[in-house]
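Assemble the complex: chain R is given as a structure, and chain C must be docked to it using the hints.
Here the protein sequences line up with chains R and C, keeping their order. Its first residue numbered 1, the first sequence is counted upward by one per residue in my numbering. Its first residue numbered 1, the second sequence is counted upward by one per residue in my numbering.
There may be inaccurate statements among the hints.
[To be verified] Simulated restraints, written as ranges between beta carbons of each label pair:
no., chain 1, residue 1, chain 2, residue 2, range
1, C, Lys-182, R, Glu-32, 32 to 42 Å
2, R, Asp-62, C, Lys-21, 29 to 39 Å
3, R, Thr-9, C, Asn-169, 53 to 63 Å
4, R, Lys-68, C, Lys-257, 30 to 40 Å
5, C, Asn-282, R, Lys-48, 19 to 29 Å
6, C, Phe-28, R, Asn-23, 19 to 29 Å
7, R, Asn-59, C, Val-303, 37 to 47 Å
8, R, Lys-77, C, Phe-96, 52 to 62 Å
9, R, Thr-65, C, Gly-132, 54 to 64 Å
10, C, Lys-280, R, Glu-32, 45 to 55 Å
Don't read these hints as lab results, they were simulated from the structure. Positions of the beta carbon are idealized from the N, C-alpha and C atoms, including for glycine.
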Amino acid sequence: MLDKDNLITIVSKALKIPKKKVNMDLKLGEIEEWDSLGHLEILIKIDKETKGKASRIKNLSDSNTVRKIYQNLKKNKLIK
Amino acid sequence: MNFDFQNNFGVSLGEIKIDIKKKYKEKFSIRLYNRTINKTGPKTLYHSAKHTSSLDLALGAYQNFIKKNKKFQTKNIHNLIFVTETNKFDFPGNSFLFASALNLNPKIGLYDLNFGCTGFVEALDLAYNLHGNSLIVCAETYSKHMRVFNRSTSSLFSDGGSIFFLDKNKVKIIDTFRFFKKNSFNDLFSKEKKLFMDGKKVFEFVNTEVVSLLFSILRKKKNIKLLFNHQASLAVENLIKNKLSKFDLIIPSNIKKIGNTVSSSIPHLMNEYLKKNKIKKNTEILLCGFGVGLSVTAVILKVLK
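Excised from the complex, chain R in its bound form (with noise of 0.2 Å):
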């Protein structure tokens, strides 16, 4: 299961930026990464990672903050 270490360093691949630049309030839109493409690869990371598990939360993409994403993640039983 993930843990939210895992989480930032989803984020930080996904956005291709160092992990110290990744906190639990990092939204989408406040760095130039993180735009709907980013948004995009962050979903398909976490998807990957969760083996499929991730598709299955309605409104997931809705998740605007990494706070937000690892809420809605751990409320479905996919995170620590």
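Using the frame of chain R, we list chain C on its own:
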């Protein structure tokens, strides 16, 4: 009439080539272009000229169809189904204009379908349930719904047209599957000729509803080895291919080559695939269109001859 399934298609594209890299250089940056192209796919798009309408693209596709079928007689058309969201006039629909332009028998059935990327598949289902053979025409000029070059839609859509002659002696529709997501119309729409698309919502729809529909079909129909999907974007193509990797499937793609031609995308894809590959008699193939609605329609088509 000797009619080969491979020749049932005719296609056309907008006459203006759009170099996406050049546009990004002018409007944004090469760095952004490189990021975008990995998700969208096409480096070149085809837009229609100022005075070219969806009807013109349809007539262009018909010319292409006739080139391949010089002996084709219009008396074999019993129904004409025109799929478009960008009619030449507000009314009448393009079917009347197209039938008049080709001087078709005035007693044939004329149908206009206002459908997007599911349009061709919907038309197949409708055509199969009508009496006689049908000419399915798809044509779209989305470029006229984009006033300025924008990152969300301008690097995806091409204008294009297509023809498919559905001869019931050659093709059979085995089954049709549909789903539409209520109240999702705000995720992909055009109002006052301004196209809007929430890419992440469309992606999510594909990732949930489209993939699960395809999964449920393929689980039951293990004989299906060929899937023609609507060509939405490279990211969506890769997603579907990845999700369906456990099935032994051929999933052709031409998104990189011509972009997303909306309702014409599956006919364009099949036309290209059939140029190089033959489909054997009694082969069952799966066709899946998804998009505006948000909705998805899939049919299983059996090639009889």
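Hints violated by the structure (numbers, ascending): Violated hint (a single one): 5; every other hint is consistent with the structure.
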